[in-house]
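Make a model of the complete structure from these sequences and hints.
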Amino acid sequence: MMRKRRPGRRKVCPFLADKNLAAQLDYKNPELLKRFITDRGRIMPRRISGVSAKYQRVLAREIKRARAVALLPYAADGE
Amino acid sequence: MFLREYETITIVDPESGQDGLDKVLDRMREALRKTGGREVRLEDWGRRKLAYEMSCGRKGHYLYLRYLGTNGTVRELERLLGITEESVKYQSILLSGRVVEADYDFETNAKDLTPIAQSLASRASEAPGPGVATQPATKAEEGKTHDA
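So the protein sequences, as listed, match chains L and R. Residue 1 is where the first sequence starts when you use this note's numbering, and the numbers rise one by one after that. Residue 1001 is where the second sequence starts when you use this note's numbering, and the numbers rise one by one after that.
Just so you know, the hints here were simulated from the structure itself, not pulled from any lab data. Positions of the beta carbon are idealized from the N, C-alpha and C atoms, including for glycine. Please note: incorrect hints may appear among the correct ones.
Using 25 Å as the maximum straight-line C-alpha spacing, the simulated SDA-like pairs for lysine to any residue come out as follows [unchecked claim]:
| no. | chain 1 | residue 1 | chain 2 | residue 2 |
| --- | --- | --- | --- | --- |
| 1 | R | LYS1089 | L | ARG40 |
| 2 | L | LYS34 | R | ILE1093 |
| 3 | R | LYS1023 | R | SER1092 |
| 4 | R | LYS1049 | L | ARG40 |
| 5 | L | LYS34 | R | LYS1023 |
| 6 | L | LYS54 | R | PRO1115 |
| 7 | L | LYS64 | R | LYS1023 |
| 8 | L | LYS54 | R | THR1114 |
Counterexamples of contact, computed for chain L against chain R with all Cβ distances above 12 Å [unchecked claim]:
| no. | residue |
| --- | --- |
| 9 | PRO14 |
| 10 | PRO45 |
| 11 | ARG67 |
| 12 | LEU71 |
Quick partial rundown of chain R residues pointing at chain L, CB under 8 Å, derived from the structure [claimed, not checked]:
| no. | residue |
| --- | --- |
| 13 | CYS1056 |
| 14 | GLY1060 |
| 15 | LYS1089 |
| 16 | GLN1091 |
| 17 | THR1114 |
This is how it looks when you write it as structure tokens:
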């Protein structure tokens, strides 16, 4: 019998909730961006991080820029 | 005259030392001078651990330059950085278009620290020792090594 998965609580986008955080979203701020990449260095999907579509686009752009100047990895070593 | 606001990050080979750093800085300033650009802010983030290995190894010396210029300024800057051996990588980003030089607030923007510069400055103020070079439009001093 198929068990219906209970829908989890919908997360709030951290950037919509806090304007200051949204203003800090910058490729030169790897500490903030690190929260939104996996341990392998991949960008976390929206369904996991809860980020809105608009900010996911901004986040992805900034993460890619940070990767270009070696502030963030493209892929984590080894694991 | 309408200019645009840009920022360029350069990674300098740390093995090249202060001479290499000065050479890269001189080239960057030469590009601005030749094309009528204006320097707004220069930050020396010092040696940082790179997120991945590059030709200079696992550490690089970061320089951040914010300036006003035209597309010609960026082209010349990147051309010079490309031919400078000590410069390992560079990236230019457009911040805003159509800036009127006369109306541009140089003073406020020169004090606008990047997040990395802010954390370096707060670390420097906590621990006694040489300060971090984040001066607006001045020559960079040798930064201390720190791991990101």
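Hint by hint, work out which the structure violates, then give me just those numbers in ascending order.
-> Violated hints: 5, 7, 11, 12 and 13; rest satisfied.
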